[in-house]
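S.K.: Chains A and B, in that order, give the protein sequences.
Per the numbering used here, the very first residue in the first sequence carries number 121; after that it's consecutive.
Per the numbering used here, the very first residue in the second sequence carries number 2; after that it's consecutive.
You may find that some hints are simply not true.
Claimed, not checked - Okay, the calculated beta carbon distance ranges per label pair: (1) A:Glu336 <-> B:Glu190: 57 to 65 Å; (2) A:Asp339 <-> B:Ser365: 33 to 41 Å; (3) B:Val368 <-> A:Tyr262: 45 to 53 Å.
Stated by the list, open to error - Calculated lysine to any residue pairs in the SDA-like style (CA-CA distance at most 20 Å, straight line): (4) B:Lys197 <-> A:Glu366; (5) A:Lys149 <-> B:Arg265; (6) B:Lys367 <-> A:Lys260; (7) B:Lys367 <-> A:Ala368; (8) B:Lys350 <-> A:Lys149; (9) A:Lys260 <-> A:Trp271.
None of these hints come from the bench; they were simulated from the model.
The C-beta atom is built at its ideal place from N, Cα and C for all residues, glycine as well.
Take a look at the letters that make up each chain.
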Amino acid sequence: MSSQPNRIWPFVVAFSVIGAGMGGAAMRKQREMGEIPTPAVADIDSRTLVASTEMQSGLSESEYFYRLLDLIKREFVDPVDDDQKLAVGAVRGMVNSLSDPHAIFMSEEQFPAFQSAQNGKVEGIGVEVDLKFDLVQLKKFYASQAKLAEWNASGRKEVDGKLEDLPDIQPGALIPDIVVSAVIPGSPAEKAGIKPGDLIDGIDGKWSLNRREVTELNDAFEKIRQNKMDRQAYLDLRKKYITRSENAIAPGRIREKLTVGKTGQVKLYWKSPGTPAVKTASVSKDVTKVPAISDTKLKFVLGVDQALQDAVAKKLVAFDLRNSGFGNFSAAEKALANLLPAGDYGFTTSERNDKIIPFNVKGTASETPILKLTVDGTTRGAARFFAAVMKAAGRATLEGDLGPEPVFIFQTVAIQGGAGYIIPTAIYRAEEATS
Amino acid sequence: MKTGFRALAWLTAVGAAFAVGFTWKDIRSGSPLQAPGFAQSKEKAPEFTPTQLFTGEYRRILNSYYRPTDSNQLLFAGMDGLLGALGDPHTQFFEPYINEEFERSTMGQMSFGGIGARLAPDPLGVKVIQVFRGGPAFKSSLRSGDIIIAVDNDVVAGEASDEIVSKIKGKVGSTVKIRVFRAGRDTIELSMVRGKIIPPSADGNVIEGTNIGYVLVTGFEQPTSQQFYETIRELEAKNIQGMVIDLRDNGGGLLESAVDMLARYVEFKTVVTMSGRGERVETVRTPGGMLHPFKYPTVILLNERSASASEIFAGVLRDYKLATLVGDHTYGKASVQNVIQLAGKTSAKITIAHYGLPGGENISRKVDEDGQYISGGIKPDVEVAISPDPGVALGDLKSDNQLQKAVEVIRKKNPKAK
């Protein structure tokens, strides 16, 4: 009778000790990973979220991330103590991998300046810049990314005894033009004569390699090989190219230098479209205040909804939305709610799921005059969205043309620690017909 | 009494096991232990753990971005960014297909159906720079210096060299006809059967018009040290009076291969001293019994794309005064990486140690905030930049001015060298 418990006891003790050890490790992991949240739904377009995705590895994305972080902390040559920084790096990697000129990751230096601009206080020299890619090459690049995804899932195939290749992309073809998309009225940039549409060539003795220059050099190389070019001309071209590549600066860094900082100055090299001459000026940094309404100029900064309502009450209906800047989407939404009766106006669509969702405005207005909005290709971001919805609602006439670019709806995301990013979440259309 | 004592011992054991389990990560990585009860200090309690932060944004992008996103690709981009945030350019994430390719290249298995020759652009077509031993071109007596002017009866003059090369390559077992222009001769027609070509990572020839050997080492792979040794013996059989080892554009590879090659020059000598995490220091030495007598001067050619194992090989021979270095400064990669396989056929290449050369020089590359080179790498004994002439073909004595310099250095050191 008494011998039985004696036989069981050692096992009970052993199991409970092992179990406690495993429990301790599991609790540590649980604490470090944390409860995995589902993110807030994008404010403007609501849609259902898919659940956690199982990877081809059989691990969830959080498990994968946790394990790699753990591996780094164990193996990397230098001690790793800032896990947060690495997680932010992962977000930066994801946003940049979209290779979309409208999806922009901003560091903890850039993001506060971006938010301040949305609130009507613009840092830097007072410009916004867009990165413009060659669309044909960008399409090829997306195709090669899709191919890579295929190779990752099922291996690189052999065709006729050769390994399958990626679409041929010209070297340097994916270097974007850095285009001034907005110049803030009253800013140092405006005083220096910089205009929307100008191309930035370089800054402070550093150059952004231009894809046309890369193509030019490649063409020259072909020509000289076939003895169809002057030797000295080739050598001069090559020297210029080498000097520029030895003093290169990434387009994203130029954007940062132009839009972050309240003091100091930059030396800027830029061109106006159609003229080959490079202009140079030292432009100082400052904080330029942007009022929501000045004369007829309407800017979608914090408080624009109230300013617009006051103006409309005073029977001011003509506004200039050109050179608008990116602006503040939630302010534009509030302005729409102030000016429109509740209802559906137009649609949002997404290439992700081809769903067409009526765009609903929780409006409060009953009687609104019809606005007269002057627009063009420099009417961007929140202003572009506002103009398109007002027109779809029949409450605005547009003077001018918004141009070929779609009307994107953006989400602005602040990440813990100060950085952030913007991504386009949908395209707004006035009509259901898809093109 | 006895039962009470046992119960207490058991409880203590359970508690201790829990604590060990909780702190196992720290014990393994050698970091300060965390207490299970109150892990983080309260002053800075972030809302999200790093895993939560990452996962939240991962799902947001997957579910909100307006274009379709491949969930695996997005995860890989995240992992790439995670390793990128360490600020070490040599710590990298490999997605499955790169991982596969990386393995293939370090095993020396990059292969294709071809004729087995290294080619360079030429106004008349492509110039043969090197013929791989035992390959189809070798068997049908194609020589370095020959210019291929037609492929399968198509005249290729003026075409881009990539295009010509892709015409020459093709299915293994198929035949390709090549018309060759050989100096001092009429054109020659050669017909060869394409074979599976494994380009050797070390191969050589006697430089035309000299008695100096030229050994091109393109990588440090598993078969490299064997190929290197065979090449040396073959060249010495032709009575060479000097040797140029070309490590230009050689981005490195396996440390063991470099160590085996160095064992031909020095035995039981320090190659590198590696300092890893914490106090770990390890000295890598050459093994004994592999020594080879070199009775002539050696010059090593370098440029900014010579990195890693190339820098170790060149730096060690320089430090033991066994070779003269000619060319441009090297890349400056003073660290050692380990490739760790991860779930889902991915892998991570992680820097696990820094190394120092026997002479103690720190060659680690320094760049400015825009990624531009400031300093680092091995400075050659004789600095000479490559000519900007578009007609330069590396390894061709007529146009390659760095090679010309190397030959000049050898001739100065050895009067028997011509």
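S.K.: Please go over all the hints and tell whether each is borne out by the structure.
M.R.: Each hint tested on the structure:
1. Checked against the given bound of 57 to 65 Å, the beta carbons of Glu336 (chain A) and Glu190 (chain B), roughly 39 Å apart, lie outside it.
2. Between Asp339 (chain A) and Ser365 (chain B), the C-beta spacing of about 38 Å keeps the proposed range 33 to 41 Å intact.
3. Look at Val368 (chain B) against Tyr262 (chain A): about 30 Å separates their beta carbons, and that is not inside 45 to 53 Å.
4. Taking the CA atoms of Lys197 (chain B) and Glu366 (chain A), the gap is near 40 Å; set against the 20 Å cutoff, the hint is violated.
5. For a cut-off of 20 Å, the pair hint linking Lys149 (chain A) to Arg265 (chain B) is broken: about 50 Å separates their Cα positions.
6. As the CA atoms of Lys367 (chain B) and Lys260 (chain A) are separated by approximately 35 Å, the hinted pair breaks the 20 Å bound.
7. With a C-alpha separation of about 16 Å, the suggested pair Lys367 (chain B) and Ala368 (chain A) falls inside the 20 Å cut-off, and the hint holds.
8. Our distance criterion of 20 Å between C-alpha atoms is broken by Lys350 (chain B) and Lys149 (chain A), whose separation comes to about 24 Å.
9. Between the alpha carbons of Lys260 (chain A) and Trp271 (chain A) the distance comes to roughly 16 Å, so the proposed pair stays at or under 20 Å and holds.
The earlier numbered hints that this structure contradicts are 1, 3, 4, 5, 6 and 8.
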